[in-house]
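Hey, can you piece these two chains together into the complex? The hints should help.
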Amino acid sequence: MTADYWRALAGGGLIGTAAAMLLLLNGKIAGISGIFGNVIRGVFGIQRWRAAFLLGLVLPGAVFGLRGIEFAQGVPGLALSGLLVGFGTRLGSGCTSGHGVCGLSNLSRRSLVATLTFMAVAAATVFIVRHGDFLWRS
Amino acid sequence: MAFLSALIAGILFGSGLLLSRMCDPQRVLGFLDVAGRWNPALAFTMGGAILVAAPAFWYVRTRQRTLLGEPVQLPDRFKINLPLITGAAVFGVGWGLSGICPGPSLLLLAGGTAQSLAFVGGLIAGSLALGLLPQRSKAS
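Read top to bottom, the protein sequences are chains A and B.
1 is the number of the first residue of the first sequence in my numbering; add one for each residue after it.
1 is the number of the first residue of the second sequence in my numbering; add one for each residue after it.
For reference, chain B alone in the conformation it holds in the complex (with noise of 0.2 Å):
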């Protein structure tokens, strides 16, 4: 049962990122282009991800509990710390370097090609990386 419902939400994932054209990386830039010519069409995007997923959202923290029941800890809303600065600051640069971030990363490996294995292969090093550093609170 966990295995399907995650298989279909990966499916459907999968899907939003190939009809919304968030994979297409000239696309990514286009969107981050704001001094060119800035398309915002990506905005939409993750408005209607969070329009849809909020509600569920509020669901399971007031509940603290998924639909059939089993508890659920969501993760810490609040703490602001360096990690998380740096992190997201590195992952900027990265993402604006190519466009591409890691959930279309994966539907591009469904092309096969040098580049998305190249970035895959570079992403797995980066998050294998940070497993190397002297001991830090571990992110989850």
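If we strip away everything but chain A, and leave its shape as in the complex, we get (with noise of 0.2 Å):
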């Protein structure tokens, strides 16, 4: 379980690392949903950075592989899920890397109120999802 911890704090400094570098050498913030965003509503021939970038992202999945991933829907749950994320995270301008890493590392009121709003209500989905079945047991 130490292990554990020491790996997820490692995966963290890695991730930091690649916030504090775009945005010293690029001057650009690491959040994920704006960068993807502006991709496919075709920036991306003006802007090769975030291409870049996005395809520095996948390469370690490719590389490494993926192991030991279970999904927790099937096709149509992670759809309507990906509609929620990519419409939510774009209204909200931001997700967990461009609130919850990047605006707090910049200690953003914004990004604090945006990342506790996100973090309780996926709370409370999957509280609802995993222990909510007294709500509809008659």
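Just so you know, these hints were derived from the structure itself, not from any lab.
Don't be surprised by glycine CBs; every beta carbon is placed ideally from N, CA and C.
Just to be clear, a hint being listed does not mean it is correct.
As the list claims (entries may be wrong) - Heads up, incomplete: computed chain A residues facing chain B, CB under 8 Å, no partners named:
no. : residue
1   : Thr17
2   : Phe64
3   : Thr96
4   : Gly132
5   : Asp133
Said to hold, decoys possible - Simulated coverage check for chain A against chain B, where a stretch passes if three residues somewhere in it have a Cβ under 8 Å from a Cβ of chain B:
no. : stretch
6   : 7-16
7   : 28-42
8   : 67-76
9   : 104-117
Said to hold, decoys possible - Listed next, the stretches of chain A that the computed footprint assigns to chain B, with coverage defined by at least 3 CB atoms under 8 Å from CB atoms of chain B:
no. : stretch
10  : 53-61
11  : 120-130
The following block contains the structure:
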């Protein structure tokens, strides 16, 4: 269990290093929903750094492989979840990386409110899905 | 140069998601399941990331320049409005349903599974759908 925490912390350190590097060298925020949203809107051609960042992000998964991944939903559930995540992160201008990592690192009150909101709502959603059977039991 | 540093930053980011197992949906759901068998490990991931990134943000915020001297405009830190709260809440529902947020979803694409494609397909549709709404202040 302790090794598990170290691994989680070290992984976080890598993510933080990536965010620091993108900010210090490129002057950009490592917010995945924003970078991805701009790429699919076709800003792609003008801002090649976004495509480079996303390519880099996928590479470790391709090189080291993804083992033991177990999805919690089937294809329709995942599509719905992705739809909500895509819409919500664009409306709220950020996700776990943009608000959670970069915003909090920048001492942003706005990102703190967003992070507390999506964390609380996500925890409530998991609670209803996993422990909410009392809600519809008559 | 900008291309190369962004590529390396992306590789570090993806490696961090992989090492911390943030890309494992069950792991994330275990972190969000505070009433069940709660696994707090991912709090260390977020804490570790902030610990490393915060000095860089402090540097750029005080100088408004990158290390290379290019001007930087950081996002607004104070405006709290309805789109921010509503968006974060909608995102929270989606994240809680699957345990997948945007970064991990792209890393999971490397697995080439129908499930990861379904999520990212939804992600694209959801991102584009925002542009179809009647005019509002644009998210940056």
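Now the hints, each set against the structure:
1. Thr17: Constraint on A:Thr17 satisfied, holds at 5 Å.
2. Phe64: holds, 6 Å
3. Thr96: Holds, because the Cβ-Cβ distance from A:Thr96 to chain B comes to roughly 5 Å (cut-off 8 Å).
4. Gly132: violated, 10 Å
5. Asp133: violated, 13 Å
6. 7-16: holds (count 10)
7. 28-42: Contact hint for the stretch 28-42 of chain A vs chain B: holds, 10 residues under 8 Å.
8. 67-76: holds (count 9)
9. 104-117: holds (count 12)
10. 53-61: holds (count 9)
11. 120-130: holds (count 10)
Checked against the numbered hints given earlier, the structure breaks hints 4, 5 and satisfies all the rest.
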